[in-house]
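Chains as they are written, first to last, in the UniProt record's numbering: chain X, 1 to 351; chain U, 1 to 351; chain W, 1 to 351; chain Y, 1 to 351.
One or more of the hints may lead you astray.
What the hints assert, rightly or not - Simulated restraints, written as ranges between beta carbons of each label pair:
no.	chain 1	residue 1	chain 2	residue 2	range
1	Y	262	W	130	38 to 44 Å
2	W	262	X	209	52 to 58 Å
3	W	120	Y	273	36 to 42 Å
Hints were generated in silico from the structure; no laboratory data involved. Note that the Cβ used here is the ideal one computed from N, Cα and C, for glycine as well.
Number of protein chains: 4
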Amino acid sequence: MTVEGKLRAAIVGSTGYGGVELIRLLQNHPDIEVTSVISSSSAGEPIENGFPHLTGIIQRNLDGVDPAEIAGRADVVFTATPSGVSAKLVPQLLEAGLKVVDLSGDFRLKDGAEYEQWYKHPAPPQAYLEQAVYGLCEVFGERAAGVDFISNPGCYPTATLLGLIPALKAGWIKHDSIIIDAKSGVSGAGRGTSLMVHFAEINENLKAYKINKHQHIPEIEQVLTEIAGEKVTVTFTTHLVPMNRGIMSTMYAGMNGNYSEQDFVELYREYYEGRPFVRVRGAGVVPATKEVSGSNYCDIGFATDARTGRVTIVSVIDNIVKGAAGQAIQNLNLMMGWEETRGLGYTPVYP
Amino acid sequence: MTVEGKLRAAIVGSTGYGGVELIRLLQNHPDIEVTSVISSSSAGEPIENGFPHLTGIIQRNLDGVDPAEIAGRADVVFTATPSGVSAKLVPQLLEAGLKVVDLSGDFRLKDGAEYEQWYKHPAPPQAYLEQAVYGLCEVFGERAAGVDFISNPGCYPTATLLGLIPALKAGWIKHDSIIIDAKSGVSGAGRGTSLMVHFAEINENLKAYKINKHQHIPEIEQVLTEIAGEKVTVTFTTHLVPMNRGIMSTMYAGMNGNYSEQDFVELYREYYEGRPFVRVRGAGVVPATKEVSGSNYCDIGFATDARTGRVTIVSVIDNIVKGAAGQAIQNLNLMMGWEETRGLGYTPVYP
Amino acid sequence: MTVEGKLRAAIVGSTGYGGVELIRLLQNHPDIEVTSVISSSSAGEPIENGFPHLTGIIQRNLDGVDPAEIAGRADVVFTATPSGVSAKLVPQLLEAGLKVVDLSGDFRLKDGAEYEQWYKHPAPPQAYLEQAVYGLCEVFGERAAGVDFISNPGCYPTATLLGLIPALKAGWIKHDSIIIDAKSGVSGAGRGTSLMVHFAEINENLKAYKINKHQHIPEIEQVLTEIAGEKVTVTFTTHLVPMNRGIMSTMYAGMNGNYSEQDFVELYREYYEGRPFVRVRGAGVVPATKEVSGSNYCDIGFATDARTGRVTIVSVIDNIVKGAAGQAIQNLNLMMGWEETRGLGYTPVYP
Amino acid sequence: MTVEGKLRAAIVGSTGYGGVELIRLLQNHPDIEVTSVISSSSAGEPIENGFPHLTGIIQRNLDGVDPAEIAGRADVVFTATPSGVSAKLVPQLLEAGLKVVDLSGDFRLKDGAEYEQWYKHPAPPQAYLEQAVYGLCEVFGERAAGVDFISNPGCYPTATLLGLIPALKAGWIKHDSIIIDAKSGVSGAGRGTSLMVHFAEINENLKAYKINKHQHIPEIEQVLTEIAGEKVTVTFTTHLVPMNRGIMSTMYAGMNGNYSEQDFVELYREYYEGRPFVRVRGAGVVPATKEVSGSNYCDIGFATDARTGRVTIVSVIDNIVKGAAGQAIQNLNLMMGWEETRGLGYTPVYP
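Given the sequences, and given the hints that come with them, work out the whole structure.
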């Protein structure tokens, strides 16, 4: 099952930002060997043609997408594919006996009808939606142990859910009061070309987009509803910030009591005890996105306000690491029963 | 009173970003002549030493701060000075018979005790706080006609208040539900040096700061309270975005009815009819900051959400123009009985 | 010939950055009225659909490209079209009796064979190549008076030629020693989408491109050769800098004597006397691109080096203004016999 | 001599960008343990106060600068101190029996008089200038084996020298024709505050500075002179680019023959054979700075021009890694007789 004792991994979608970040991060994983980098659009070409930064690091031609061939070359597949593609591909990979960590959004929603409403594609077969374990590691990590199929959380949901769940679970915030003002760097839009990601249109600019229409909304609500034990509906806005990496969710909620910042710090530190990738900042301190850049951390801080009875929660991640490739590897670590930090000891790159 | 029929203007604080923007904008004002550029720190030096972009445009040495001398050279003074400085200087300028448009925050709050609580300086004398007309042009423009002293609104309050007032006045939003998530470019922090504005700390980074502690909060609440007729308290967060210019206020409020985006568009277009610097976007469209950059526009758009009963209002300005120098000139136009657009016909610079 | 005494202008290519900058700049021209904005790709749509910053400023649907119709609506046409398109369109516009300022590169080279070698398109008819006046205003301005057809210089050639010509003409620099290291903001690449202009690929990055292969090389050499009176060949490198606007040409040449920086300052100030858009900086001072941003200035500075016998000349422009739309208007002013600064009194936008 | 078999390292200047990058990179070095982080300005404070990205990664208070104490805690010291400070400190550290890798420029020039001319400080004692081994690893790596004191090359010299030396050594380029147009990200200016590094002054801007006056000039010339066997003098310009990390040296030289790009590729690949941190690109390809960001690579590409007989060489590094902290670790590896890549297996962070 392994190459020289290592787990063999294939990456589908190796020419997107999520795929290429998997390659970067897996270079230093002691137990995983990347044995196939796969791209439907550029099969046959050396990967360094499109990503010269990999020159001399991974000398390999891109493979095509063929489940049977993949099964011959790999034990696990990361599918960093566009939504709609994974829906069709993942069942074939699972049938071929592969483990799968899916980075698309196709298997995150348990309700196929809801998927079709927000994603505008046909949903994957219900059996696979049910099989998929939603891999928000610090919350549902124990569900990942030993399974074959993980649906990796979205970037916005990761930052948002890690920032909200302890307070929601503790009953400290009002379920119907949650407002999420999220901001992302541009790599989150993918490597496809469009006027929306043209440098001159983004630089020196700040845009809001998809207000209350983003497909990450039902994903967030599905988890919050499970935690709260009743239907939770949120207001959710996304903004595009002129930077490459980073997501910040600034979250607002009415408090059910007179909690201080220190109370929140203690609640969250207790909740995340033993989970090294969540760093709860001290009272009065909120994190900036650069403080986690290039790493798998999610940093969280709080500001409570006695004047309004609200708490403001700030949660930041690197959208391509903790929001995609890093958490996918963390999930594989949990699937395999390894330490969740294995191969992910990246200090944030600062500045 | 005029040089060749023009009003003579002095600018105190000419070596800050607000002051130097006043110089840029006033170059094309047909009725105003800048007769003195003033800086306490660099008096005697040519202004182009610190601002080489003004080479050949304004060849003038910086003057010192002496109210009697200013009165001999100018009819009106723009005080683009730090908070605390204007508190002492403006009364002297008014005593010397000058008209004043003050760009500091020193005369915006009517309650001296509240000023001292948020600004941590001694308040100016109460008589001057009362004399100052709060110059939010599109809302209180008629109060400016003929007066001698305008307190120019802050940058965040300008974007925020123009975005909230029509809905609040119409009774469409709940007074106790207002949450303001504001984002600013770095020029808003001024030209002083600090680690906070170091390029390498800001670039590729997004920070929240002064959550619920920003001195613009009481300014916003003072006006909203007046409009609402009862005390309004807001939740207010500011963020620093890696760009030079631009403010976006993303604002959330619970609605008192089932209003559509088109309803909001019509309400706001009616409210701002005849005020060309506010551009209300069509239903489903929200503005980006670059779309007003370099100009005196405030652009506003809406997203309503039947699922949550909330409206999201997005309001953008150029923080140095509509949020400072441009609105100051607009106020002077109103003071003088001129068209408010006079000398302010700047098309946004795009890209 | 005019609307209310104004010259009527049409802009072909109104949905590119050059075209939309013409619209911005012409808003404040006292003698020109934009009567048609033209786009082959978006005809029929309101221009503000693609450029919301123009909302309320120019309310006009885009027209199609029809020379006869244009002749009915306009007196002069700015063709801000891709290379290859102007080659075919401009002769038709001239035949229709219109004045033309062409912003493409199609009519800059006098030698059709050289055009085809560098541009890889068929050259326009030789008669039109000969008719076109190369509109480098501060050097050949007198040739523009009264003509019907100007070929507007390229962005790199404008910064480069204005920086080299006085020294070359004076015989101070060796003809065979000229090396030009040029850097541009991304708007110079146009508004078309491609991986090359994807925000995440440009931001936090610096690239060299088209080394010794850029189509502006023969344009630069053609003019330098005319000035020098013998064939001049240059080494020319272009770089893409993560900013929207601005070109800097850093130029190196061996000196024919022991000239000081002050000598260069005096030589250039004498050469450009009476040409307000060229600002020659004092000895020891070189300009930065932001110091001309949004304006029609070209700023030039010098560093001489006795150790190597070389001079380093730094020349900066805003690539969309002096490098395109601004110089095009300046050329029209010269064609019409107006002051060359007419309608171009823009102070640089700083910061 | 070691902590659990590891070499103990102290970092002086831990609150600068070079020092904090040493901390990041050393986290993953299998044979080194950071036992002291030292700062004269912030001694006693937790390092995460100034660098929150290190929260939970290195929990340690900053130590003061005391050579005797350092000798008790460490085996090797990295001095990432300002020029002038190392001149005094390093001799004390060496006397105390420590190994030293000095990242300041104080020990790079062999001639004290030349040091004083360019650095404007008193030179260190001549004995130490002579003792210092100039650690340009891929060129002088064999000199580092077993020594106690390395002077780490400057950022600009590293990119420049690695790009020039093989051609110079082979006699392919004219010694008196070398022109270096260098560009750097802003982290190279250090973490100190000044108007020069204010975000709003750098963003959307490109500046040239210290033309022919940069203190890295004599360092470059000293090495080129040694390689060439006769005095080499260069023209050298530095530019500040609106990005955090990255240096590009674009270098121009007259060729002594009719060499092709492929000739250069082969010459350089042969010269750098067995040195994995230099990646020579294929013919016709030049590297961009992002392609080495966060890593210890130096990538080099070529463009030759038969028209002018010149070659253009493009060399890029991450200024804080290969230009400072990374090469310092590489030097320590060589001093200790370890593989030079040990602990430096960082894939570039892209995008």
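Assessment of proposed distance window 38 to 44 Å (beta carbons of residue 262 of chain Y, residue 130 of chain W): Roughly 41 Å apart at Cβ, these two residues keep to the hinted range, so it holds.
With respect to the beta-carbon atoms only, verify the hint that residue 120 of chain W and residue 273 of chain Y lie 36 to 42 Å apart. Between residue 120 of chain W and residue 273 of chain Y, where Cβ atoms are some 39 Å apart, the hint holds.
Against the range 52 to 58 Å, how does the distance between the Cβ atoms of residue 262 of chain W and residue 209 of chain X compare: consistent or not? About 54 Å separates the Cβ atoms of residue 262 of chain W and residue 209 of chain X, which means 52 to 58 Å holds.
Of the numbered hints given earlier, the model fails none.
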